[in-house]
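S.K.: Protein chains in written order, with numbering that gives the first Met the number 0: chain C, 0 to 255; chain W, 0 to 255.
Quick caveat, the hints were computed from the structure, so don't treat them as lab data. Cβ atoms here follow ideal geometry from the backbone N, Cα and C, with glycine treated the same way. Take the hints with a grain of salt, since some may be wrong.
[Unchecked claim] To be clear about the criterion: a stretch of chain W counts as covered by chain C if any three or more of its residues have a C-beta under 8 Å from a C-beta of chain C, and this derived list gives those stretches:
(1) 25-39
(2) 55-66
(3) 96-110
(4) 177-185
[Claimed, not checked] Taking lysine to any residue pairs in the SDA-like style, the calculated list, with each CA pair at most 20 Å apart, reads:
(5) W:K189 <-> C:Q184
(6) C:K27 <-> W:E6
(7) W:K126 <-> W:G201
(8) W:K115 <-> W:A165
(9) C:K227 <-> W:R129
(10) C:K27 <-> W:G201
(11) C:K91 <-> W:R129
(12) W:K30 <-> W:T50
(13) C:K91 <-> W:M89
(14) W:K91 <-> C:I2
(15) W:K152 <-> W:A165
(16) W:K130 <-> W:S44
(17) W:K227 <-> C:K126
(18) C:K23 <-> C:Q69
(19) C:K126 <-> C:D19
Number of protein chains: 2
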Amino acid sequence: MNIILIEQSELAGGQVTLTDHRAKHIVKVLKSQVGDRLRLGVIDSDMGGATVLALTPKYPFVVTLQVELQPGRPSLPAIDLLLALPRPIMLKRILSQVTALGVGTIYLVNANRVEKSFWDASLLAEKEYRKHLLQGLEQAVDSHLPSVQMYRKFRPFVEDVLPEIAPRYDTLLLAHPQTESLLSQCMQGKRGRVLYAVGPEGGWVDFEVEKMRAAGMAPFSMGARILKVDTAVVAIHSRISQSLESEPGALLQTNE
Amino acid sequence: MNIILIEQSELAGGQVTLTDHRAKHIVKVLKSQVGDRLRLGVIDSDMGGATVLALTPKYPFVVTLQVELQPGRPSLPAIDLLLALPRPIMLKRILSQVTALGVGTIYLVNANRVEKSFWDASLLAEKEYRKHLLQGLEQAVDSHLPSVQMYRKFRPFVEDVLPEIAPRYDTLLLAHPQTESLLSQCMQGKRGRVLYAVGPEGGWVDFEVEKMRAAGMAPFSMGARILKVDTAVVAIHSRISQSLESEPGALLQTNE
């Protein structure tokens, strides 16, 4: 936890009192004392610092902070992810990792090779998946919570939703091993917003690839090695960030 | 498991009989039948195919394969990793992920912020960590087992070992957030072999950074976001691969 994140509603008169895992973290991991300064942000709003006004050094932990925010909301990351719903244990890790890397929206969609049972996972409830997004923000020192959108049917998504959101992006990419083009070639000279799609274990089926190509998504390959979905997401996200960085004038995925 | 890997010693008269998790995988996951063809490789040697000669469809699973190898050993990946020893659960994941991405040697070293207990992990025994390397190879369809080398003392490593291995590399990189240079700048125009170093949770201490700089390692940053070690390793590895790919004549990290 490299930043303490709070809800706007927790802030009262410029102070906040924490009694949960955040209080424990401040006492046990940061080993803070009264008077110490911490990094603090309000979810989807300003970031800044806080001063410890009071704390209980033993369980149950209670920490009261005086909050000093710097105006200026976090900028929207330049990269969005379209992901065939993976198994819950992998989804958890992906949510916190892409949030740490910087993502605007995560579209979770169905695909032929997605196991039906994955859609029943308790992780898909907002109060469950939100924890993993927050972990990513707390790690990366960011307060911009990604938006997560779920589409349990592929066809309505690709025929109705994708054409509607596609114009928001400058680059639409589809990870697909049976392709000649490398990601770096697809990104050459590109800037602005990027949406990239990663398929399920075993890959997209032909129908899905054709539908996404028809919606303007350009297939690319990462080379001959086959990667697991979680490794692929981090590897691709990182390469796209690097390509955007190296184009002058590109939007940065960081907040600074 | 996208390729079945066997030891050279398991091969007898062009055939191999499997009775462990590989046999189970062939029967239960691949649902192979007699006569089916599979991808197969010999660890640290040739890859090719195999034909199912016989199999037991129920527990205990036994599968006999006729092996046909194509001569041509896998090429050595162009990237090596110098990693401050992480906690075992994270190390497991990193070992299989960097092996899938393609790594030649993994140097595990001590650092000031490495918890001493990490060096007692049972995972550090070869028969334990080798499983995770094999998982990475089975995922990526490769047979080149990375070398893992451990240095329980930082100073002898950085003073004696690093100067000895440094000349093997064309680029020596040190991930260090408090730096202006971006990775893409450090990699500009670079080709050949790369060694990159990733520190412990909380980062390298100044002494360690100074010592590694003195040995020729160039510090770089990935931007303002702070990443967990496992995310950082995949993100950096992938960016280095991309930079090498885009340089004409660079060694590829893949086998094709």
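S.K.: For every hint, state whether the structure bears it out.
M.R.: How the hints compare with the structure:
| no. | hint | verdict |
| --- | --- | --- |
| 1 | 25-39 | violated (count 0) |
| 2 | 55-66 | violated (count 0) |
| 3 | 96-110 | holds (count 4) |
| 4 | 177-185 | holds (count 3) |
| 5 | W:K189 <-> C:Q184 | 18 Å, holds |
| 6 | C:K27 <-> W:E6 | 48 Å, violated |
| 7 | W:K126 <-> W:G201 | 30 Å, violated |
| 8 | W:K115 <-> W:A165 | 27 Å, violated |
| 9 | C:K227 <-> W:R129 | 18 Å, holds |
| 10 | C:K27 <-> W:G201 | 16 Å, holds |
| 11 | C:K91 <-> W:R129 | 26 Å, violated |
| 12 | W:K30 <-> W:T50 | 14 Å, holds |
| 13 | C:K91 <-> W:M89 | 15 Å, holds |
| 14 | W:K91 <-> C:I2 | 27 Å, violated |
| 15 | W:K152 <-> W:A165 | 18 Å, holds |
| 16 | W:K130 <-> W:S44 | 17 Å, holds |
| 17 | W:K227 <-> C:K126 | 23 Å, violated |
| 18 | C:K23 <-> C:Q69 | 25 Å, violated |
| 19 | C:K126 <-> C:D19 | 16 Å, holds |
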